[in-house]
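Visitor: As a plain string of letters, each chain reads:
2 protein chains.
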Amino acid sequence: MISYRPIGTVRSPFTRLDGMPLQSVAAEAVRGRIEVLPEFAPGLKDLDGFSHVHVITHLHRGRPGGLEVMPFLDDTPRGVFSTRSPRHPNPIGLSVVRLIAVEGGTLEIAGVDLVDGTPVLDIKPYVPRFDVVGAERTGWLEGAAERVNEVRADARFETDS
Amino acid sequence: MISYRPIGTVRSPFTRLDGMPLQSVAAEAVRGRIEVLPEFAPGLKDLDGFSHVHVITHLHRGRPGGLEVMPFLDDTPRGVFSTRSPRHPNPIGLSVVRLIAVEGGTLEIAGVDLVDGTPVLDIKPYVPRFDVVGAERTGWLEGAAERVNEVRADARFETDS
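If you read the protein sequences in the order shown, they are chains A and B. Quick note on the UniProt record's numbering: the first sequence kicks off at 1 and runs consecutively. Quick note on the UniProt record's numbering: the second sequence kicks off at 1 and runs consecutively.
Derived by calculation from the structure, the hints in this document are not laboratory data. Accuracy of the hints is not assured; some may be wrong.
Since the list can't tell identical chains apart, any single copy or any two copies may satisfy a pair.
Said to hold, decoys possible - Derived DMTMM-like pairs: lysine to aspartate or glutamate, alpha-carbon spacing no greater than 25 Å straight-line: (1) K45 x E103; (2) K45 x D154; (3) K45 x E142; (4) K45 x E35; (5) K45 x E108.
Chain A on its own, in the form it takes in the complex (with noise of 0.2 Å):
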């Protein structure tokens, strides 16, 4: 087993993940903050130059489930590495948020798509050079990312915990 500790923690507008934006794209104007834990705040020097960060997280909610998953943008059950639900086997979260200031060990963003409280393991800055690739497929989301604007996540894979 792989042990890691949060470094920060997530504030969000969201309580749950019923009715949350599925992808900080269809969240610009969702605004929440990343309370980083006063240890780890000497490594955000710097950090301040950048428009965007990953933002990487323990998706807590969402309840683990099988193998094949059915997305939130499609009808037909796919395997979970091919989508981006919550409940992959280890349910790491991948977010590319505004950053709009950042104050002490607090970071203020946009482009929220997390539940309140989600605990955070690391922050990377945004770099088009490195992270922006042609990708001339995109398999069964080849239409449906299209629709992330109009759909919303629902509280089928929710815990309470």
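With chain A held as given, fit chain B onto it using these hints.
Guide: Here is chain B on its own, set in the frame of chain A:
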């Protein structure tokens, strides 16, 4: 603490950090494999429709360090969260690789910027509609990112374990 179990392992021509490309984008010609554990292989269904995937890894060869780090691409110490260094407090790796083929539990990939034996925590489809943002500012990496094809990793952070 949050505990994850690897779902598979990276097979790569690189046996150590020293001399390795810094990012997938600088390793486009480097082929390798992800060997997914048999119990998770059914979760790969539908993944073969995607040309690129995110691979989230545990960077087991990076020596944990402090909250400032000297990046491979710079000569000024930077806050660790503003870097793509392998020595973040939780050493989680984020790679976008080209998916060449899926055969049973094995993914044939290109763009390998990972050491052989790296544990894989998660695989997600790369979807430009979700993953590409127009980042106006890239901080200290503004010019430095362009050197990614010239500079290689070295042994400064490497452990043997």
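Visitor: Have a look at K45 and E108 and pick one of within, between, both or neither, based on CA distance no larger than 25 Å.
Guide: within (15 Å within a copy, 38 Å between copies)
Visitor: Treating 25 Å as the Cα threshold, decide for K45 and E142: within, between, both or neither.
Guide: Result: close only across copies, 16 Å inter versus 39 Å intra.
Visitor: Given a CA cutoff of 25 Å, do K45 and E35 count as a within-copy pair, a between-copy pair, both, or neither?
Guide: For K45 and E35, only the intra-copy Cα distance (15 Å) is at most 25 Å; the inter-copy one is 37 Å.
Visitor: Can you tell me if K45 and D154 fall within 25 Å by alpha carbon in one copy, between copies, both or neither?
Guide: between (37 Å within a copy, 23 Å between copies)
Visitor: What label fits K45 with E103 when the C-alpha limit is 25 Å: within, between, both, or neither?
Guide: Only inside one copy: K45 and E103 sit 10 Å apart there, 44 Å across copies, limit 25 Å.
Going through the hint list in order, the structure satisfies each hint without exception.
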